[in-house]
Amino acid sequence: NESRVERVPMPRSSSVQGVTARGLRLLVLACAPSAAVGLAPTRGNVPLRSGDFPLASTQPTTARVRTVTELLRAAKDDAVAQIVLAKGQYQLLTQLRINRNLTLEAEVLDPPGEVVLDGSSRSRVLYVAADVTVALVGLDITGGQPPDGASGGGVLIG
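Residues 8 to 165 in my numbering are what the sequence shown lists, from first letter to last.
Keep in mind that a hint or two might mislead.
[Claimed, not checked] The calculated label-pair distances, taken between Cβ atoms and stated as ranges, are:
1) P67 <-> G156: 17 to 25 Å
2) N106 <-> I148: 15 to 23 Å
3) N106 <-> P154: 14 to 22 Å
4) A137 <-> A88: 18 to 26 Å
5) I164 <-> E112: 33 to 41 Å
6) G156 <-> E77: 25 to 33 Å
7) S128 <-> Q66: 36 to 44 Å
8) S158 <-> N106: 16 to 24 Å
9) R71 <-> P118: 32 to 40 Å
10) R71 <-> A157: 29 to 37 Å
11) D117 <-> R71: 17 to 25 Å
12) A86 <-> G156: 31 to 39 Å
[Stated by the list, open to error] Keeping only pairs whose Cα atoms sit at most 20 Å apart, straight-line, the calculated EDC-like set for lysine to aspartate or glutamate is:
13) K94 <-> E77
14) K83 <-> D125
15) K94 <-> E112
16) K94 <-> D147
These are computed hints drawn from the structure, not numbers from a lab.
We treat Cβ as the ideally placed atom computed from N, Cα and C, and that holds for glycine.
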């Protein structure tokens with residue numbers, strides 16, 4: 008059960024510490040205050056590009072889902088631009104609220120009817136906020152029941 012700390016030389020603006028414990032290597036990147044205020048760190052006399060130290064992706068992603076829980080989680084994740092639903096019936100107990108641009112797409116387009124969003128006669132299926140663009144590709148929407156006799160059992164655009 009040995010732990011070993013090893014220091015790796017890095018540019019003046021950053022430091023890395025590696026800790027090895029039971030074969031697992033953890034790296035911690037700590038940026039110097041100059042990076043936090045927007046000054047360009049350098050490697051000798053060569054300026055570093057912003058991609059030299061990627062910390063997080065800002066690219067929209069695709070979520071592939073197989074359950075209602077995964078669908079609801081992906082719909083709330085602002086990083087997800089497209090949700091691909093596996094073949095099956097997704098029985099919703101509450102409406103799926105979409106408040107941003109999003110694509111919901113069936114994984115299987117042929118034959119039709121392989122991916123179903125079902126309100127189970129208990130709930131509206133989709134509520135889409137005003138001023139957003141939502142693409143529904145290859146989905147069947149059924150069993151929507153608006154609350155208190157309101158409009159939009161399948162899809163309501165607010």
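Outcome for the supplied range 18 to 26 Å, where the beta carbon pair is A137 and A88: 19 Å, holds
Agreement of K94 and E112 with the hint, judged by alpha carbon distance not exceeding 20 Å: Holds, at about 11 Å.
C-beta pair A86, G156: status relative to the range 31 to 39 Å that was hinted: For G156 against A86, whose Cβ atoms are near 37 Å apart, the range 31 to 39 Å holds.
20 Å Cα cutoff - pair K83, D125: Roughly 19 Å separates the two Cα atoms, so the pair holds.
R71 versus P118 beta-carbon gap, inside 32 to 40 Å or not: 20 Å Cβ-Cβ, so the 32 to 40 Å window is violated.
Distance restraint evaluation - G156, E77, Cβ atoms, bounds 25 to 33 Å: Between G156 and E77, where Cβ atoms are some 32 Å apart, the hint holds.
Hinted pair K94 and D147, Cα distance within 20 Å: 11 Å, holds
Distance restraint hint 29 to 37 Å, applied to the beta-carbon atoms of R71 and A157: 33 Å, holds
20 Å limit on alpha-carbon distance, applied to hinted pair K94 and E77: OK: K94 and E77 at ~14 Å, within 20 Å.
Assessment of proposed distance window 36 to 44 Å (beta carbons of S128, Q66): 39 Å, holds
N106 and S158 - C-beta distance against the hinted 16 to 24 Å: 19 Å, holds
Range hint 33 to 41 Å (beta carbons of I164 and E112) holds or violated: 19 Å, violated
The structure fails to meet hints 1, 5 and 9 from the earlier list, while all remaining hints are met.
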